[in-house]
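Build out the structure end to end from the sequences listed, making use of the hints.
Going left to right, the sequence shown walks through residues 1 to 241 as our numbering numbers them.
One or more hints might be untrue.
Said to hold, decoys possible - Only pairs whose alpha carbons sit at most 30 Å apart, straight line, appear in this in silico DSSO-like list of lysine-lysine:
id, residue 1, residue 2
1, Lys212, Lys71
2, Lys193, Lys160
3, Lys30, Lys222
4, Lys222, Lys162
5, Lys92, Lys160
6, Lys92, Lys157
7, Lys160, Lys222
8, Lys92, Lys71
9, Lys30, Lys162
10, Lys193, Lys154
11, Lys222, Lys193
12, Lys71, Lys30
13, Lys216, Lys193
14, Lys162, Lys193
15, Lys216, Lys30
For the record, the hints were derived by calculation from the structure and aren't laboratory data.
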Amino acid sequence: MAERYVFASGKGGVGKSSVALGLARCMNEKGLRVLLADFDIGLRSLDLMLGVTETVVFDWGDVVLGRCSIKDAVINTGNLAFFPAPPEHDEKFTPEALSQLFSALESDFDFIFIDAPAGLGRGFDLACSQAENAVLVTTPDSVCVRSCACAALKLRKSGKEKISLIINRFVEKPVVKHRLLNIDDCIDAVSAKLIGVVPEDRAITESSVTGKQPDKNSPASKAFARISLRMNGERVPLFED
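Here it is in structure tokens:
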């Protein structure tokens, strides 16, 4: 049975989708079967980041609405499979309908990564209802950390207990007062277990634009590799030695 993780942030622009994709690729490289599901209804982005926009015909919304089968909607790229988001919301997109959909997929994958939309509204609730594990992504600034803390609080109120934190786009330099927070400040504010710190890396930005996989030796790619090991229960340092 697949382990389900929802990736959320509260505020947009923190690189949550890049983190979800980077970790999915690392799992894939280890031979693990991963389904990456885009839940950013209407806006969508993962198809562009994966470079598969031209091959998207159906999405998970079409499956729920009975327009196609799961096989028709899931796009396979090796061991990494992609489930596109629908272009608009429908009242039939309920937690119950999505639960039935993902239950039918669990035996085919080792991991299911659900990329939640920004904000704490209906899309956030729908995405989070489909996973027992939550990974919160923030950048080390006060605005994003506060929104991430709000997301963590909402998750706890909904009954989620397995909540982890990833600090993204971290710059290792003296902290500028009132602008950037240090790692301990982020952990204290969100009150979640830190599983990784991803450094600022231009290679990830370029990858998001081109749809091509970044260099495996780039700083962020190495961080994703370490985080993926931690998610699999291995003890590895947060930073490269």
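Structure-inconsistent hints, enumerated in ascending order: none
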